[in-house]
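These protein sequence lines are chains F, H and A, in that order. Start counting the first sequence at 1; every next residue gets the next number (my numbering). Start counting the second sequence at 1; every next residue gets the next number (my numbering). Start counting the third sequence at 1; every next residue gets the next number (my numbering).
Hint data in this document are derived by calculation from the structure and do not stem from the laboratory. Take the hints with a grain of salt, since some may be wrong.
[Said to hold, decoys possible] Computed list of lysine-lysine pairs in DSS-like fashion (alpha-carbon distance at most 25 Å, straight line): (1) Lys187/A with Lys196/H; (2) Lys23/A with Lys151/F; (3) Lys187/F with Lys303/H; (4) Lys229/F with Lys280/F; (5) Lys23/F with Lys229/A; (6) Lys317/F with Lys280/H; (7) Lys317/H with Lys303/H; (8) Lys127/H with Lys23/A; (9) Lys229/H with Lys23/A; (10) Lys345/F with Lys187/A; (11) Lys23/F with Lys151/A; (12) Lys344/H with Lys344/A; (13) Lys343/H with Lys345/A; (14) Lys343/F with Lys303/H; (15) Lys345/F with Lys323/F; (16) Lys151/H with Lys23/A; (17) Lys151/F with Lys187/F; (18) Lys280/A with Lys297/A; (19) Lys303/H with Lys344/H; (20) Lys280/A with Lys323/F; (21) Lys344/H with Lys344/F; (22) Lys344/F with Lys344/A; (23) Lys187/F with Lys229/H; (24) Lys196/F with Lys229/H; (25) Lys303/F with Lys323/F; (26) Lys303/A with Lys317/F; (27) Lys303/F with Lys187/A; (28) Lys323/H with Lys280/F.
[To be verified] Okay, the calculated bits of chain A under chain F, using three or more residues with CB under 8 Å as the criterion: (29) 16-29; (30) 220-228; (31) 270-277.
None of these values were measured; they are calculated from a predicted model. Even glycine gets a Cβ: it sits at the ideal position worked out from N, Cα and C.
Below are the chains, spelled out letter by letter.
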Amino acid sequence: MVINAAQLCELLQGELIGDGEEKIYGPSQIDAGLPGTVTFLAHPKYEDFAYTTEASVLIVSRDFQPKTAIKPSLIRVDNVYGAMMTLLETFGKNGVPPPGISELAVIGEQVRHGENIAIGAYTVIEKEVSIGEGSVLFPQVYIGHGCQIGKDVRIYPGVKIYPNTVIGDRCIIHSNAVIGCDGFGYKPDENGHYAKISHVGFVMLEEDVEIGANTVIDRGTISMTRIRKGTKIDNLVQIAHNVTIGEHTVIAAQAGIAGSSSVGSFARIGGQVGIAGHLKIADRVEIQAQSGVHTGKFGEGAKLFGYPAIPYGDYLKSYIIFKQLPEMAHRLRALERELEEIKKKGT
Amino acid sequence: MVINAAQLCELLQGELIGDGEEKIYGPSQIDAGLPGTVTFLAHPKYEDFAYTTEASVLIVSRDFQPKTAIKPSLIRVDNVYGAMMTLLETFGKNGVPPPGISELAVIGEQVRHGENIAIGAYTVIEKEVSIGEGSVLFPQVYIGHGCQIGKDVRIYPGVKIYPNTVIGDRCIIHSNAVIGCDGFGYKPDENGHYAKISHVGFVMLEEDVEIGANTVIDRGTISMTRIRKGTKIDNLVQIAHNVTIGEHTVIAAQAGIAGSSSVGSFARIGGQVGIAGHLKIADRVEIQAQSGVHTGKFGEGAKLFGYPAIPYGDYLKSYIIFKQLPEMAHRLRALERELEEIKKKGT
Amino acid sequence: MVINAAQLCELLQGELIGDGEEKIYGPSQIDAGLPGTVTFLAHPKYEDFAYTTEASVLIVSRDFQPKTAIKPSLIRVDNVYGAMMTLLETFGKNGVPPPGISELAVIGEQVRHGENIAIGAYTVIEKEVSIGEGSVLFPQVYIGHGCQIGKDVRIYPGVKIYPNTVIGDRCIIHSNAVIGCDGFGYKPDENGHYAKISHVGFVMLEEDVEIGANTVIDRGTISMTRIRKGTKIDNLVQIAHNVTIGEHTVIAAQAGIAGSSSVGSFARIGGQVGIAGHLKIADRVEIQAQSGVHTGKFGEGAKLFGYPAIPYGDYLKSYIIFKQLPEMAHRLRALERELEEIKKKGT
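Generate coordinates for the entire structure from the input sequences, incorporating the hints supplied.
Structure (C-alpha cells):
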C-alpha cells in the first residue's frame, strides 16, 4: 500500500514536521530504514540511528529533542510503541477474505464444511471434500476429489491439492504449492522405455504444518507421504513419494528429500540440502545447507556437512586442507626429490 | 477421502472384527502401515507384520487364524487380492473430469479440438489452439495463443503454457508447471544494464513426455527447446532455452539444465544436478544427485559424480582420501621433520 | 502454432519447391534446424549448412543455385532478411491481451488504474490496489490488498502477489512466480515447537526488474525485501525475507539467497548457487554455478567457486589435486616406507 506522510500522521494522531506529500510504502527498522519507509525511535539506545537512517519518516515521542540535524520527516506521538503497533497492523494487513463462499467458486457435490469458512473467487472444490470450521481458501485454489481439510487451515492463492489429501488443523499452505501429485516412479521395459507406476496413495499433513510457496509434495505410491505435526517447510522444497517427516522439524528452501526416506523429529535441514532415497535420518539431526546425505548411519543429533555429508567438524577440517592441496602437492614432490638424493648419496 | 471401518467392510462385503467407527484415510503397505490406514495380508510370508503393523484396519482372508493378539481391526474377506484392488481403486480415484467443456472456461476464437476432451472451470484457452481427442485440461489451466496439444494429453490444475508450444500425444503435465516462458537472455550495454533478448522460439514436447509439478521449461531463443519422446521430468526442474533432451531419459527433481545444452537418450540425471550451458551430454550417461557437470567430454554410458563432475568411482576414491586429509597433512609434516633431521645428521 | 509449407509460402509471397503439406511448428537456425521447423539461408557463408540441415523448409533468395541435392523444401523469396523478420514475428506472437478489463476478472473496491491496462479472465485484484498505465495482467493472476503496480508492467498467468507489494515500472513477472509470501521465521519454545513470527513487511521491486517463472520472493519481517532496478532473476529462484539485491545484477535459475543477506550491484550469481543468511556480498561479484557462499569477506569483483566458496582459481587448483588424491596417498605411504628403511639402515 502507499500512504503519504500527512495521512500517516493523521492515522497516528501525531504532529508532522516535514513534507506531508512524502510517499510511504511500508515500515522499516531504524537501523535498516530505506527511502519510502517509515521507522520509529522506540528506545533512546537507538538514537544514533535516527541521525543516519535513510527512512523517509521517523516516529518519535513528543519530548524527543534531536541533538543535530535529522534527515527524515518526523511524526511526534504520545506513545511510540502504540504508534508502532498501529503502523504494523496497518501495513501488515494480510487481506484475509471475510467468511463466506464466493459465488465465483465451484463447489462440487457432497462437499461438507464447518462454520465461518471463506472460499475465494475462482477456487474449485471437487466433490466429497470436507473443510473444517474457520478455514480460509483464497482465490484460485484447487482442492481435488475427496480431500479432508481440518479447522482453521489457511490455503493461499494458486495452491493445487490432488485428490484424497488429508490436511490437519491450523496448517498453512502458501501460494502455488502443489500437494499430492504423482511420485516419480516408472518401470523400464526391455527397451528402456518407461511405463508409469500408478500412485494410489495420498499425502497427510498433520496439525500445525506450514508449507512454503511453490513447494511440491508427492503422494505415496500405495501408502502415504506424511508430514508430522508442527513441521515447517520453506519454499521450493521437494518431498518425494512415501517420505515421512517427523514432528517439529524445519526444512529450508530448495531442499529435496528423495523417495521413501524418512526424517526424524526436531531435525533442521538447511537450504538446498539433498537427501537420497530409502534412508532413515535420525531425530534432531542438523544438516548444513547444500549438503548431500547418502546414508542414514549418523545418529540422533548429528551435525552434517559436505557432499556426501559427513560430520560437520570433519568436513570443515578436511576442507581447510583441501584449500592447501596445491601447496601440499609441491611439498610431497619436494620430499620425493630429497629422498631420491639421499638414496643416491647412500649408494 | 475418509471412510470408516464399517463402511469399508460393507464396500468389500467382508466381516468386521473391531471398531466400526475407526476412520480410514487411505491404504498402506503391511510393513509400513500407519494409524488411519487400511492394509492387507495378501501372502502368508508377510504374516509377521500383521502382529506389528500400526494400521487401523487389516484385511485378511476368511480362514486366517492369528497366532497371537492383533492390534488393528480385521476385515475378513473371501479374496484378499480382489479386496485390495477394490480398495486401491476406491482411494486412488484421481478425479479426472468427465468429457465436456466447462461453461466456466474461456475458449478463444478458432480453437479446434477432437472428441471426448474435457476442459475444466476457469481454464483459459487462447485463440488458434488445437487440442487432440481424449485430452483432459483440468481447471485453472492457461493455454497460450497457437499452442498445439496432441491426443490423450493430461494437463493438471494451474499449468501455464505460453504461446506456440507443441505438446505430443499422451503427455502428462503436473500442476503449476510452466512451459514456454522466455529464456534468461540479456545483452548488457556499455553501462552493464541488461536489455532483454526477445525469445521468438518455442517448446516442443514429443509423445509420452511427463513433466512434474512446478517444473519450468523455457522457450527457444529463435528455434526450439525440445524434449524428445518418452522422457520423464520430475518436479521443480529447470530446462533453459534451446536445450534438447533425448528420448527415454529421466531427470529427477530440482535438476537444472542451462541454456543450449543437450542431453542424450536413455540418460539418468539425479536430483539437484546442474548441467552448465552449451554442453553435449552423451547417451546413457548417469549423473549422481547434486553433481555439477561442466564438460561434455565424457562418453556414452559414463557414470558421473562430483563438483565439477568426474567419473563416479574416481570421485568416491578421492573423497575417501579427502576425509583423511587432516591426518595426511600431519603425516606429511612428520616426514618433513624426519627428513630434516636425517639431513642434519648427514652433514 | 502450426502452418503448412504452402501457407508459409503464401505468407512470404515466395515460390515453393517441394511438399506444400509439410507441417511447420516454428522457426529454427540453419545450423540447428530440426524437422518441423523452417530455417533460412541469409548469408552465403552458411551455405554448407543448407545441405545438412534437417529443417523441413529452407528460405533462400530467388537467385540461389544449390550445388547439390537439398533435403528441405525450398521457399524462394526476394528478400531473405525481410522474410525472416515476417517469420519471427508470425511465430513469436506472444499473445499479449489487448487493453481492457475482462468481465471475468474480480476488481476490488478502491482499485485505481491508468489508461490502456489489460486485465485477463479469472484474475483477482483485491481492494486498494493501484495499477499504472499500460500494464498488462494476464489471466489467473492474484494481486493482494494494497499492492502498487507501476506503468508498463507485465504479469503473466498464474502469478500470485501478496498484499502491499510494490512493483516498479516496466517489471516483468513470469508465470506462477510468488511475490511477498511470509518469510521462513519461527521462534522455538522450550519444547522445540515452532511459533510463527508474523511478517508485516513487504517486497519492493524497483523499475525494470524481471522475475522468472515459479520464483519466490518472501516479504520482509518488519521492513522490506528489495530488488533494485534493472536486476534480472531467473526461474525457480528463492529470495528470502529481508534480502536486498543491488542494481543490474543477474541471478540464474534455482539459486537461493537466505534471509537478511544483501547482494551488491552488477553481480552475477550462477544457477543453483546458495548464499547463507546475514551476509553482505560485494558489487560485481561473480559466483560460479552451485557454489555455496558462507562469508561476505570477498571484495568487489571477486570470482568465487566451491562449497564453501573460495576464489575461483584457488578452487580449481585444489580440485585438480583432489582428483589425484588416491595417487598422492600412495606416494605418501611409499615415502614413509622408504624413510623407515633409511632410518633402519642408519641405526
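To see whether the hints hold, each was checked on the structure:
1. Annotation: proposed proximity of Lys187/A to Lys196/H is violated, straight-line Cα distance about 42 Å (limit 25 Å).
2. Of the pairs offered as hints, the one joining Lys23/A and Lys151/F is violated, with about 54 Å between alpha carbons and a cut-off of 25 Å exceeded.
3. For the hint linking Lys187/F to Lys303/H, the alpha-carbon distance of about 21 Å falls within 25 Å, and the restraint holds.
4. With a CA separation close to 18 Å, the supplied pair Lys229/F and Lys280/F stays within the 25 Å bound.
5. The suggested pairing of Lys23/F with Lys229/A holds, with an alpha-carbon distance near 18 Å, which does not exceed 25 Å.
6. Using a Cα cut-off of 25 Å, the hinted pair Lys317/F and Lys280/H is violated, with the two alpha carbons roughly 36 Å apart.
7. The straight-line distance between the Cα atoms of Lys317/H and Lys303/H is roughly 14 Å, inside the 25 Å bound, and the hint therefore holds.
8. Distance restraint check for Lys127/H and Lys23/A: the Cα-Cα separation of roughly 19 Å lies within the 25 Å cut-off, and the hinted pair is therefore satisfied.
9. Distance check on the hinted pair: Lys229/H and Lys23/A sit about 18 Å apart at the alpha-carbon level, within 25 Å; holds.
10. Of the supplied pair hints, the one linking Lys345/F and Lys187/A is violated, its CA atoms being roughly 70 Å apart against a limit of 25 Å.
11. Taken as a hint, the Lys23/F and Lys151/A pair is honoured in the structure, with Cα atoms around 17 Å apart against an allowance of 25 Å.
12. Of the supplied pair hints, the one linking Lys344/H and Lys344/A holds, its CA atoms being roughly 17 Å apart against a limit of 25 Å.
13. The straight-line distance between the Cα atoms of Lys343/H and Lys345/A is roughly 14 Å, inside the 25 Å bound, and the hint therefore holds.
14. A threshold of 25 Å between alpha carbons decides the hint, and for Lys343/F with Lys303/H the separation of about 43 Å lies outside it, so the pair is violated.
15. For the given pair, Lys345/F sits about 35 Å from Lys323/F by alpha-carbon distance, which is inconsistent with the 25 Å threshold.
16. For the suggested pair Lys151/H and Lys23/A, the alpha carbons sit about 17 Å apart, so the restraint of at most 25 Å is met.
17. With a C-alpha separation of about 39 Å, the suggested pair Lys151/F and Lys187/F falls outside the 25 Å cut-off, and the hint is violated.
18. With a CA separation close to 8 Å, the supplied pair Lys280/A and Lys297/A stays within the 25 Å bound.
19. For a cut-off of 25 Å, the pair hint linking Lys303/H to Lys344/H is broken: about 50 Å separates their Cα positions.
20. Distance check on the hinted pair: Lys280/A and Lys323/F sit about 23 Å apart at the alpha-carbon level, within 25 Å; holds.
21. Between Lys344/H and Lys344/F the alpha-carbon distance is near 17 Å, which keeps this suggested pair within the 25 Å criterion.
22. Taking the CA atoms of Lys344/F and Lys344/A, the gap is about 17 Å. The hint holds against a cut of 25 Å.
23. With a CA separation close to 16 Å, the supplied pair Lys187/F and Lys229/H stays within the 25 Å bound.
24. Proposed proximity of Lys196/F and Lys229/H is supported: the alpha carbons are some 14 Å apart, at most 25 Å.
25. With a C-alpha separation of about 22 Å, the suggested pairing of Lys303/F with Lys323/F holds against the 25 Å cut-off.
26. For the suggested pair Lys303/A and Lys317/F, the alpha carbons sit about 23 Å apart, so the restraint of at most 25 Å is met.
27. A hinted pair counts as satisfied when its Cα atoms are at most 25 Å apart, and Lys303/F with Lys187/A qualifies at roughly 21 Å.
28. Restraint check for Lys323/H and Lys280/F: satisfied, since their Cα atoms lie roughly 23 Å apart, inside the 25 Å limit.
29. With 0 residues having a beta carbon nearer than 8 Å to a beta carbon of chain F, the region 16-29 of chain A misses the requirement of three or more and the stated coverage is violated.
30. Evaluation of the coverage hint for the region 220-228 of chain A: fulfilled, as 5 residues show C-beta separations to chain F shorter than 8 Å, against a requirement of three.
31. Using a Cβ-Cβ cut-off of 8 Å, 3 residues of the region 270-277 of chain A lie near chain F, which meets the minimum of three, so the contact claim holds.
The structure is inconsistent with the numbered hints 1, 2, 6, 10, 14, 15, 17, 19 and 29, although it conforms to all the rest.
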